[in-house]
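*Asks:* Note that the protein sequences, when read in sequence, are chains A and B. Okay, so the first sequence: first residue is 1 according to the working numbering, each after it adds one. Okay, so the second sequence: first residue is 1001 according to the working numbering, each after it adds one.
If you're looking for bench data, these hints aren't it; they were derived computationally from the structure. Remember, it's a predicted structure, so these values are computed and weren't measured experimentally. Among the hints, erroneous ones may be present.
What the hints assert, rightly or not - Some chain A residues judged to face chain B by a derived CB distance under 8 Å, without partners named:
(1) S33
(2) L43
(3) N56
(4) F105
Said to hold, decoys possible - Interface residues of chain A toward chain B, partial, derived using beta-carbon atoms under 8 Å:
(5) P39
(6) G40
(7) G42
(8) E48
(9) F50
(10) F60
(11) R63
(12) F64
(13) A99
(14) G106
(15) S107
Where a beta carbon is used, it is the ideal one built from N, C-alpha and C, also for glycine.
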Amino acid sequence: KAGVTQTPRYLIKTRGQQVTLSCSPISGHRSVSWYQQTPGQGLQFLFEYFSETQRNKGNFPGRFSGRQFSNSRSEMNVSTLELGDSALYLCASSLDAGARGGYTFGSGTRLTVV
Amino acid sequence: AQSVAQPEDQVNVAEGNPLTVKCTYSVSGNPYLFWYVQYPNRGLQFLLKYITGDNLVKGSYGFEAEFNKSQTSFHLKKPSALVSDSALYFCAVRDMGGPGGGNKLTFGTGTQLKVEL
Chain A
1 KAGVTQTPRY LIKTRGQQVT LSCSPISGHR SVSWYQQTPG QGLQFLFEYF SETQRNKGNF
61 PGRFSGRQFS NSRSEMNVST LELGDSALYL CASSLDAGAR GGYTFGSGTR LTVV
Chain B
1001 AQSVAQPEDQ VNVAEGNPLT VKCTYSVSGN PYLFWYVQYP NRGLQFLLKY ITGDNLVKGS
1061 YGFEAEFNKS QTSFHLKKPS ALVSDSALYF CAVRDMGGPG GGNKLTFGTG TQLKVEL
């Protein structure tokens, strides 16, 4: 079966712009989480959605937002981009609310802010 | 809050030798522990998980991990390393501390494994 699909794979944006990243989870998975990976901060949790509801949010400014649709696909948006937002953004999906089956990650979206 | 620590930034091993990548954890309650591997410019690939049951967990690509409750450790091991195992390895713990009952993974800082001929 298809894995977690993230689009686009690469993005280059200018400071001050906004960007939207997309994540399609594994079919049947209802939980989607987002993570930011940078060399300095490592892997940091952004937010988690389950059945269109945000259940958990990391310590990021309000410029970072997300949503989940009824088909479980998720988007995250970053407004007023800053150079420090350059990172690999990873999406993970899980089958159930408790994540007993673990998480499957997508290949990520590499965002570069110039 | 839950946390994991990977004390080694880099581990070097010769091909054919056994490898160990260390991870210790700090959790309240029963831990859900994971190992992931990341190749350059790629996402995280799942290797194995411990939820409950046998302390020795077998995973993908010949990797295994031993859950040790008394030492709060979950070290990743492989009997015979391959050059192709060279990658960045992350230990993670599931954290259920979200206000809405949500989950998240808390990751260690990662260990770069280098397997040389």
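*Asks:* Looking back at the numbered hints, which does the structure fail to meet, lowest number first?
*Replies:* Failing hints, ascending: 5, 6, 10, 11 and 12.
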